[in-house]
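K.L.:
So the chains spell out like this:
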Amino acid sequence: MSQVNSHTDPRQTWNSPEQIARHRAMSATERIKLCVELSREALRFAAARRARR
Amino acid sequence: MAFDPLGIVRTLNEHEVRFAVVGGFAVAAHGVVRATEDLDVVTDRGLANAERLTAALRSLNATASQPLEPEVLVRRLDLRVSTDLGQIHLLREVPGIPDYRRLERESVEVDGIRFEIPTIEALRQMKREAGRDKDRIDLAELDELHGSG
Numbered sequence: 000m001s002q003v004n005s006h007t008d009p010r011q012t013w014n015s016p017e018q019i020a021r022h023r024a025m026s027a028t029e030r031i032k033l034c035v036e037l038s039r040e041a042l043r044f045a046a047a048r049r050a051r052r
Numbered sequence: 000m001a002f003d004p005l006g007i008v009r010t011l012n013e014h015e016v017r018f019a020v021v022g023g024f025a026v027a028a029h030g031v032v033r034a035t036e037d038l039d040v041v042t043d044r045g046l047a048n049a050e051r052l053t054a055a056l057r058s059l060n061a062t063a064s065q066p067l068e069p070e071v072l073v074r075r076l077d078l079r080v081s082t083d084l085g086q087i088h089l090l091r092e093v094p095g096i097p098d099y100r101r102l103e104r105e106s107v108e109v110d111g112i113r114f115e116i117p118t119i120e121a122l123r124q125m126k127r128e129a130g131r132d133k134d135r136i137d138l139a140e141l142d143e144l145h146g147s148g
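Top to bottom, those sequences are chains A and B.
Once you know that position 50 of the first sequence is 49 in numbering that gives the first Met the number 0, the rest is easy, because the numbers rise by one and skip nothing.
Once you know that position 127 of the second sequence is 126 in numbering that gives the first Met the number 0, the rest is easy, because the numbers rise by one and skip nothing.
Among the clues, some could well be false.
[To be verified] Beta-carbon label-pair distances, calculated as ranges:
#1 A/THR28 / B/GLU36: 31 to 41 Å
#2 A/GLU17 / B/VAL93: 11 to 21 Å
#3 B/GLU103 / A/PRO16: 22 to 32 Å
#4 A/ARG51 / B/GLY146: 38 to 48 Å
#5 A/MET25 / B/LYS133: 32 to 42 Å
[Stated by the list, open to error] Partial selection, computed: residues in chain A whose CB lies under 10 Å from chain B:
#6 MET25
#7 ARG30
#8 ALA45
If you are wondering where the hints come from, they were derived from the structure by calculation, not from laboratory data.
Here the structure is a predicted model, which means the values were calculated and not measured.
Ideal Cβ placement from N, Cα and C applies to all residues, glycine included.
If we strip away everything but chain A, and leave its shape as in the complex, we get:
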């Protein structure tokens, strides 16, 4: 079974108390910028899925 390293990407949050704690330590400005980045990636992913159908 392959090992999945889920804690190398600083933007990853799910099931990771360390990453959640990191977000909480950020300023509001930093979190908004991160939200922009995450949202862009999510929209790109959604667009790619639509293109494959």
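Got chain A sorted already, so can you dock chain B onto it with the hints?
P.N.:
Chain B only, in chain A's frame:
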């Protein structure tokens, strides 16, 4: 098309639109970062503000299911608008969204762009009133972070 919410906020500010950013970006500012598909904003209901909003939306080549005219934007709103910089969700007088003038707000600056967002207490009240699944999840995370107040 790249989603550029900072560019949208900058454009609305440049046109002196009276508005606050709510939804995912406000939740992120208060500590809970998640992806969002659009920029949720609540706007002042006055006609002069609707005129400024119309001008701002036109500068972004906006389209929507209704004509983007001040007379339309001044009425009760729950309108999704497509622009060159991404989707904007205009909200006013719908469940969970208080009147802009009564909304307790604070400012956050991002790359020189001023965001007006609800205070944490106002945001939590909005989430309680909206009551959708994602609002309950956001509220639980905000409660965990800030205490259940």
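K.L.:
If I claimed the Cβ atoms of B/GLU103 and A/PRO16 lie 22 to 32 Å apart, would that claim hold in this structure?
P.N.:
Because 31 Å falls inside the window, the suggested range holds.
K.L.:
Does A/MET25 pass the interface check with chain B, least Cβ-Cβ distance below 10 Å?
P.N.:
8 Å, holds
K.L.:
Interface hint check: A/ALA45, Cβ to nearest Cβ on chain B, cutoff 10 Å. Holds or violated?
P.N.:
8 Å, holds
K.L.:
Between A/GLU17 and B/VAL93, does the beta-carbon spacing fit 11 to 21 Å?
P.N.:
37 Å Cβ-Cβ, so the 11 to 21 Å window is violated.
K.L.:
Confirm or reject the claim that A/ARG51 and B/GLY146 have a C-beta distance inside 38 to 48 Å.
P.N.:
44 Å, holds
K.L.:
When you take the CB atoms of A/MET25 and B/LYS133, is the distance between them in 32 to 42 Å?
P.N.:
22 Å, violated
K.L.:
Let me know if the C-beta of A/ARG30 comes in closer than 10 Å to any C-beta of chain B, holds or violated.
P.N.:
5 Å, holds
K.L.:
Check the following: the C-beta atoms of A/THR28 and B/GLU36 are separated by a distance inside 31 to 41 Å.
P.N.:
Violated: the Cβ-Cβ distance is about 22 Å, outside 31 to 41 Å.
Of the numbered hints listed earlier, those contradicted by the structure are 1, 2 and 5.
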